[in-house]
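Peer 1: Given next are the chains, with one letter for each unit.
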Amino acid sequence: MRSRSFATGFLFASAAATAAVVARRRAARRRDRAELFLADGTLVSLSEGQPGADRLLQHARELLATARS
Amino acid sequence: MPATAQALADLTEISTQVEAAVVFDREGTVVGATVDDERAGRLASTALELVRAAEASRPEGAEALVQLDVALRDGSVFVAADGDRLIAATTAPDPTVGLVFYDLKSCLRGMSEEAEAKPKPRRRTTTKKKDDAES
Chain A
1 MRSRSFATGF
11 LFASAAATAA
21 VVARRRAARR
31 RDRAELFLAD
41 GTLVSLSEGQ
51 PGADRLLQHA
61 RELLATARS
Chain B
1001 MPATAQALAD
1011 LTEISTQVEA
1021 AVVFDREGTV
1031 VGATVDDERA
1041 GRLASTALEL
1051 VRAAEASRPE
1061 GAEALVQLDV
1071 ALRDGSVFVA
1081 ADGDRLIAAT
1091 TAPDPTVGLV
1101 FYDLKSCLRG
1111 MSEEAEAKPK
1121 PRRRTTTKKK
1131 DDAES
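In order, the protein sequence lines correspond to chains A and B. Position one of the first sequence corresponds to residue 1 (this note's numbering), numbered consecutively onward. Position one of the second sequence corresponds to residue 1001 (this note's numbering), numbered consecutively onward.
Extracted from the complex, chain A is given alone in its bound form (with noise of 0.2 Å):
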């Protein structure tokens, strides 16, 4: 009885802890964010809030705006 508490107890946790991964990755991808790929195979990434980050996005958005106006 108390083995198998436990058990269920486990995979409660479990599907909690995994829950909470995929809702954090879903959340980060749903930020708005550019990726600048330079010659050498770099690649700077900027997410909202950073700096020069902002810019880039409202010049984005702006863009997107004519593309379907």
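None of these hints come from the bench; they were simulated from the model. Remember, predicted model here, so these are calculated numbers, not experimental data. One should not assume that every hint holds.
Unchecked claim - If you want the ones that stay clear, here's a sample from chain B, every Cβ over 10 Å from chain A, calculated: (1) Ala1009; (2) Thr1016; (3) Pro1059; (4) Leu1099.
Unchecked claim - Sample of chain A residues facing chain B (criterion: CB under 7 Å; computed from the structure): (5) Leu56; (6) Leu64; (7) Ala67.
Glycine included, every Cβ here is placed at the ideal spot set by N, Cα and C.
Fit chain B to the supplied structure of chain A, relying on the hints for placement.
Peer 2: Below, chain B alone, put in the same frame as chain A:
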């Protein structure tokens, strides 16, 4: 059909993810687009501002920018460069980033290859007829 128009037609046919695309140079002059001229001009100038902002955001001493993508909640924006020629495109949210870049680069390459393959116009030489020259 001119090379640019053909390359853009191929792009929209092959890449179903691309909604609109414009090809332009580093001065902002539109070379070709999938949208009307007025919108193409505005897209090119905004894309150029985006590229300049991206170049300014690079770390100091970093290499040149070759391509960029911006993922927004309601869509994505892509810019790829091939020398002085650039292409900007918009897509729906969550596109296959690698595939879109591949299609944009292929489009730019297709344009430059066709431009190179075009034979140079031959210089016309006229020879005066003997009779004309004598008279």
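Peer 1: All the hints need checking, so say for each whether the structure fits it.
Peer 2: Checked hints:
1. For Ala1009(B), the condition that its CB be more than 10 Å from all CB atoms of chain A holds, with the nearest at approximately 17 Å.
2. Listed as outside the interface, Thr1016(B) is consistent with that label: its C-beta sits roughly 16 Å from the nearest C-beta of chain A, beyond the 10 Å cut-off.
3. Its beta-carbon lying about 7 Å from the closest one in chain A, Pro1059(B) breaks the requirement of being farther than 10 Å from that chain.
4. With a minimum CB-CB distance of about 15 Å to chain A, Leu1099(B) clears the 10 Å threshold, and the non-interface call stands.
5. Below 7 Å, beta-carbon pairs count as interface contacts, and Leu56(A) has one with chain B at about 5 Å; its hint therefore holds.
6. With 7 Å as the threshold, the beta carbon of Leu64(A) comes within range of chain B, its nearest partner Cβ sitting at about 5 Å, so the hint holds.
7. With a cut of 7 Å, the hint placing Ala67(A) at the interface with chain B holds, because the nearest CB-to-CB distance is about 4 Å.
Hint 3 from the earlier list is the only one contradicted by this structure; the remaining hints agree with it.
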